[in-house]
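Asks: The listed protein sequences derive, respectively, from chains A and B.
Counting from 1, one number per residue, gives the positions in the first sequence under our numbering.
Counting from 1, one number per residue, gives the positions in the second sequence under our numbering.
Since the hints were made in silico from the structure, they are not lab data.
Remember, predicted model here, so these are calculated numbers, not experimental data.
Keep in mind that a hint or two might mislead.
[To be verified] On the chain A side, residues computed to face chain B include the following (Cβ under 8 angstroms):
#, residue
1, Gly68
2, Thr158
3, Phe162
4, Val285
5, Ile289
6, Val292
Ideal Cβ positions, reconstructed from N, Cα and C, are used throughout, including at glycine.
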Amino acid sequence: MILTLLIVLPLLAALMLLPMKNEKGIRVFSLVSSGLMFILSLCALSQFDKTSADFQLTLYREWIPQFGISYFVGVDGFSILLVVLTALLTPIVIAASWTSITDRVKGFHIALFVLQAAVIGSFVSIDTVLFYLFFELSLVPMYFIVGIWGGENRIYATYKFFIYTMAGSVFMLAGIAYLMIQAKAQLGYYTADVMDLYKVSIPFVDGEFFTPQTLLFFAFAVAFAIKVPVFPVHTWLPDAHVQAPTAGSVILAGVMLKMGTYGFLRFVLPMFPEAVQVWGSVFLVLGVIGIVYGALVAMVQVDVKKLVAYSSVSHMGYVMLGLFVLNVYGLNGGLFQMLAHGVSTGGLFLMVGMVYERTHSREIAKYGGLAKAMPVFTIFFLIITFSSIAVPMTNGFVGEFLILLGTFGFSSKLGAIAVTGVVLGAAYMLWMVKKVFFGPAGELVDGSHGELKDLNCREIAALIPIVVLIFWMGVMPRSFLDYSQASVNHLVENKDNYELKIYPQPEAVAEKE
Amino acid sequence: MEAMNLTELLVITPLVALFIGSIIPISVKAFTGREMGAFASLFSAIVAVVAAAGLNITFVNGFWKLSGVNFMTAFSENLIVDGISVWASYVIYIVTGFVLMLTYENKATRGHQLAEHIFLILNAAIGMVLVTMANNLIILFLVIELMSLSIYLLIALSREGVFSKEAALKYFILGSVGSAILLYGIAFIYGSAGSTVLQTVGEAAATIFANDKIFAIGLALVIAGMAFKVALVPFHSWAPDVYQGSATPVTTFMATGVKLASFIAFLRLFIYSQSLDASAISTLLQWLTVITMLTGSIAALRQENIKRMLAYSSIAHSGYAMMGFLSASMGSAGEGTTSMLFYLLIYSLMTIGSFAVVSAMEAKEDSMLLIDDLRGIAKRQPMLAFTFAIILLSLAGIPPTVGFFGKLYLILSVIDQGYVWVALMAMVSSAVGVYFYLRPIVVMYMTEGAFTQINRNSYLTQSVALVMALAMVALGIMASPLYNFVKNSVFPSL
């Protein structure tokens, strides 16, 4: 029930915004209600049993019975923290957009709430059709956020973003339909319930491409790879990020990209084990290419936001690597890195947005000496930078370390190449920090365009949760890893024969049968 | 031939009501020489439609339910009353009611010929209802002509622009060719099957088909003729020109009522011949379906005129509905037919909504609304822009609008029949569709401009559009109950 509330309440908030007129009132209402939803998500977290790998807090309602499609939600160790992260980022971006969004304020907040509902919905769906529905629905508000409040080249970016993702998910829908037919043939009834679909065995022939399991593997993997995004289908991401308003970038990097990696974890790895064994190496290699390529391209960017966007490609490459090595270290690291990247890259986009609001430029060459003009800003930026380049004691370190540990356990060659990404990451980030914050004052900083004000209380308040999380996750990773441990172990131990159950919860079981 | 009995008369009472409603405004005009007040004309016509729907509930639907049989025939088996016809009639009455409202406010139809418009619209509606009830090939041909002739006149009636004259002539000539092909096919079928009653032909179809090439030719010609009526590629070339040239309410009527009725007739031709195991026919229908979807979607990409774009989109939607037709005619009468009827219903609502928006934006009689003309509408007419955006998202099939569920049911029904490649092509076509449906949204919300074109006097039209937009979301949430409702009302025995 609590998960359903997390989907319904944002939509309700969006509805309640409709008649409001006062812009200030809209902002306050949105901030307060999204804050309450975050607290609600913490309640869900507190009810979650860390020792179980099963679906918990489930709710089942019949929906389209003749095809076995239902409203069926629940969380397990893979999804619970992503739900909380989503609920956390929404109030942060609302606070961060307080002054930067002045046009159509109401529409902006409505779009944010719909987006939140869709993203949480896709994380908690147990029914695959329901998942697809939320997966697609999340495109619409993001499309408007980029398209209406974005930069000057926003229309091109929105089209590219929408068409790429849509093209990918078409394959997934075809795959879901095929799985449902297989379920009918093998289990005797139509079903879209992912727990039933896990039981369906899909024919696989090694060494041939045109076998059902391989085709399904790629149908799902392509859809999620575009979302992640994996090299070479990442090209929509820099465009979307650069054109998106700050809030859009934060949500996009923070949680929407995770819908892709989460999809791999929920559908691709457990459902197509043989295909993953054979064809998973494709994604391992693409992941490593993404790490190095993203870092190299980030090095030559003149635009801060584009640099952060390419760093995202690089970081998500690590996540892919962690997922596809399929061992305990890799998967734990991958999951941890998903959260860590959400926090730190989200934070970087927030800060880039804050400075952009003051100077209206993101060109690195025009900055310099910002540390003198905005000392508080600089401190925050440095902390988040350290997290992004995986300095020990920050969250980035834990994730990348675990992933590299897993990768070396799988193949030392891949590990060796992936490690270079860490060095390259430090290189481009520190190079950027040096150019922007130190050295002689650039033309935007030297006062010729008016004085630069340092961060105000509102902005600091938006950044504090991020900084707290960076250190908390860096110093005490166990308190986060514990949540995913059971699910990860379950997947690693049963990777050829993965099944999930509903967490013993009398009424939910009764409802489903 | 037995004498007419009461039941038979009751079956056509809704049509009598429509006819009476249709002649009121035009009689007043003929006898007094003056137009009846515009609102009074609209009101009498709407009353007629509501009365017809009410009679449909009480007599047609009621008798059919009471009789407890799957279908009953009337007028020497020339008309048939079954779940499909009853359900289709409801949709036709709904469509007719909304088209009348659009006609009342549209600049091109409001003029001094409103009485004629109402007369022709209601008579076309009578034709449509009869098309869904026709149980005999000859009757089918006659009532299709009744429907088509009314539409030809409606198109030509607009006083303005050369486009409507061109459209009328084009539709008339090509429509006549289509009817001729249909009639020719009927002649072949009669020649080989020895009957024009659909059930008789359908039951004998399997054996005749195997032995008699003439029957196959007849069937192919009938398919071609019907394909013309519902605008399947390659018999679609008339549609964009005619849709663009006609007054918007008339276009709406063509895109909804005519298409719905023709689809039902098309379905009726095949639903009795379930035993017909003709892989050639199945292949033909699969290709018609796929080519229609893809051509419609791809051609729509390049359109600048909104009505033309919607015309191509309507062709693509014909292709989607064909998926339901395909599975209905090839074995899955229950789910296939239901998914098709469900889709035709929501397609009709979406189409009414989208053309209502266009109609509300036509400030002049001969407005040719381009997509670029929508610039700035989101600021000046936020409600209208929002309405149009929701309807376009539903047309594109984006969840949670009902357009998504319509496609979902269709895709599941063809997959159920094993035509997986058709389902795949439908998904590709939908993905292409997203692009052109999003374009107006981009122009409305993301570009600046001074939107000037609005029909100042179009509250009713705008309300119709808004109702449709809300229906898209509401029905999307209630998709499954609605689907079951359609299924139960069409096939109470299943």
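Asks: Run every hint past the structure and note whether it holds.
Replies: Here is what the structure says about each hint:
1. Gly68: Constraint on A/Gly68 not satisfied, violated at 10 angstroms.
2. Thr158: With Cβ-Cβ at 7 angstroms, under 8 angstroms, it holds.
3. Phe162: Holds, about 7 angstroms.
4. Val285: Nearest chain B Cβ about 28 angstroms off; hint violated.
5. Ile289: violated, 27 angstroms
6. Val292: violated, 32 angstroms
Hint check: violations occur at hints 1, 4, 5, 6; the rest are consistent with the structure.
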